[in-house]
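> Listed here are the chains, written in short residue letters.
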Amino acid sequence: MVDESEKQISPADRASGGPEISASENYTVLAGARVPDFDLGKIRAYAVRDERGAKENLVARICPPEAMPRLQNVGQVRNLTEASLLRPLDYSTVTWPGIDGSSTALIFARPMHGTLMSADDTTINPMHPDEITRCLFGPAVLTLGYMSQRSVTHRAIRPDNIYWDGLMKTSVQLGDCLSTGPAMMQPVLFESIESGMTPPVGRGPGTIADDFYALGVTTLILSLGRVPLQGLSPEEIVREKLRHGSFAALMEGERPPFGLRELLRGLLSDDTHNRWGLEQLEQWLGGGQRSSVQKVRTGSVPRSFRFDGKDYSNYRLLADAFGRDLKKAASAIGDPKFDEWLRKGLNDHSLADRMQAVLNAGSDSGRAARPGASQVTRVCLLLDPYGPIRAKGLVAMPSGIGSSLSDAFIRKDTAAIESLRNCLQDGAPADWFKLKGETETIIYEQKIKLFDRMQQFLGNKAMGYGIERCLYTLDPYHACRSAVTDGAAVTEARELLPAIEKVVQRRGEFSPIVDRHLIAFIVTRFKINIDRPLAALDLEQDDESGIKLAMLTIFARAQTKHGPAELPAMTSWFARELESTVNRINSRSFRDQMRKRIRALANGGSLIKLHACLSNDKAYRQDDSARKKAAREFVLAAKEIAQLESQEFRDSAQRSGWKIASGISTTVSVLSVCFVAFG
Amino acid sequence: MPQKTKRDARKPLLLATLALVLLFAALPTATVLALGMAPTLAAMVVDVTPGRYLMKCVAGMNFAGVVPFLHRLWSTGHDLHVALDIVTDIFVVFVM
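So the sequence lines, in the order shown, correspond to chains A and B.
Residue numbers for the first sequence follow this note's numbering, so the first one is 1 and each next one is one higher.
Residue numbers for the second sequence follow this note's numbering, so the first one is 1001 and each next one is one higher.
Derived from the structure by calculation, the hints contain no laboratory data.
Heads up, some of the hints might be wrong.
[To be verified] If we take Cβ atoms under 7 angstroms as the criterion, some of the chain B residues that face chain A in the derived model are:
{"id": "1", "residue": "Cys-1057"}
{"id": "2", "residue": "Pro-1068"}
{"id": "3", "residue": "Arg-1072"}
{"id": "4", "residue": "Gly-1077"}
{"id": "5", "residue": "Leu-1080"}
{"id": "6", "residue": "Thr-1088"}
Think of the CB as a built atom: it goes at the ideal place given N, C-alpha and C, for glycine as much as any other residue.
Construct all of the structure, not just a fragment, from the sequences and the given hints.
Written out as structure tokens, the structure reads:
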């Protein structure tokens, strides 16, 4: 047991120099005052000063982007005041020296005591079952209950992340669960078989059953006083758990401590439906739960299947092996021996029939000689329904697809991004739920719909869709990766416009103005309807003014929803760039009036007003109808002039003249007759 | 339309008949008219435009010039000698 955390940061440490980085208006992180005993893997810890003058011993974990802190859960965890949990006091995005991109500073009050065990320890003094029950289970079950009510999982329960609590160390406090992605720091030992088969980044938040499993392993270690399965690689640990069942594998032939046998069997059950949950644990704590959980060795079959030179007598392990080499797996699955093994070796005709249906899918002429990668993925899903999705270049649980995608983008791993794109487009995550049966399809309807939407997004090549849209939808706190923000940390909608404003202020120009990431981020996070400007962006790819006008529309709507009230640099830039668009106005007086108005608005900082001015459809319509009217009048006048100048008209005028002249002449003759007759 | 064409075709015949009747019934008047209305006859020949407004114009004015001399002829006994005096007077011809 360690008590290193009880050490106080010396004033010398605090005064050791180094930059002071403001994490919020209340907290300043002292970059020169390291707190190494509070480090978490590659995440470094530093002392924190409370600007309000509080004397509390504070520490900050500086999480680099690749740690993928669970920012979406910070609010929920911070409010769990009754829980025995290390809760963050605050968090902030910071630019940390030596770390590329923006980091997240999570501020904690340091626990009173150290952890139950250090990460490097392999043995400790065994704890008495009564002490485990009293000190660990009471607070842990209560805390997991509160977390469960808020649909948050801990996913970091292990002895080196549980702190002693109380003056006399009579209780415990679960450690930080937010500094990294879910289960990203969990050794395979503490993970259930299916989660252990998945790379840390693809494990996802899982369910409370995963937390209970980790609690079971923690209990076992504390009660035995040693870490089991030492010296084995993560793959070997998973294999041991599959071969013997988790409970037997972790016990390594030893007898469980008196009074903990049923508890450990219940918590370490490999069948998630039989694993003890809150209800059973509360009954057990109350002394009521004594029912035995049957030993389950999931996936074991009497007859083995030979694949890639090895015999597999566990179909979950076989699925794992298939997932590691899809090409060889395709050959093996296409071999009639595989079907024979399913029917005779596995003795599961229903599974064999479902497998057959998967292999026949998409082929008119029945089963293909060599199934495609997509079919191998589905075969793996049928062999190991609760295991991860095993697609080409990807192993992840459905809830870990988002974090896998985030990780691939952070590492700029184009191959991994492509694998995830193919996996989502192929519909494997939705099939993970569907292939389990009707009940699961109904229970997980929302998740199936989510992945169906991802498939639709990937089917659309326009801006605002594609893999970028999937990234920001599946990881709601992934920072905007657009070049427009120039590396600024933008995770929430309200942070985007101020970040762009700073970039425009600094550069004096706004270029590039748009990219796929920016649009996908806006569509996902702002939750505003920008279908029309998006369509305009798509149509006017070669028209710069059209693009700028569409972007102004989008930014104006964003400013309407999230502010800030003034964006002078952006407004001024847009006004300058879009002034030329008034040339499309036909009326000279209206054009001059618009120019004056735009120049006045350029200094106002309101994109909303500028947009309203430039997109005054009513005025443009009036101008257009006036132009049409003038054109009509011009055509009529031209016609009249042509008529007046025509030979026909001249002839007609001449004829009229003659007619009049002859009339006059006739009148004169009649008058003369009258004059002579009566005169 | 065919009726009008027929009537147009009969017009010269009618005019010729009228002229012949006039020649035999009132030779002095016919003499004055024949020489006095010579510009109208010339205009009738020259003007081929539809409606013959030129001819009508000349005819009206021409007739207005002839009418006083016809009046003089008729008021002095309607004699051929007088008619010849009228048409041979250069000033009268000028007026007509």
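> So, for every hint listed, does it hold in this structure?
Verification of the supplied hints:
no.	hint	verdict
1	Cys-1057	holds, 4 angstroms
2	Pro-1068	holds, 6 angstroms
3	Arg-1072	violated, 9 angstroms
4	Gly-1077	violated, 17 angstroms
5	Leu-1080	violated, 21 angstroms
6	Thr-1088	violated, 21 angstroms
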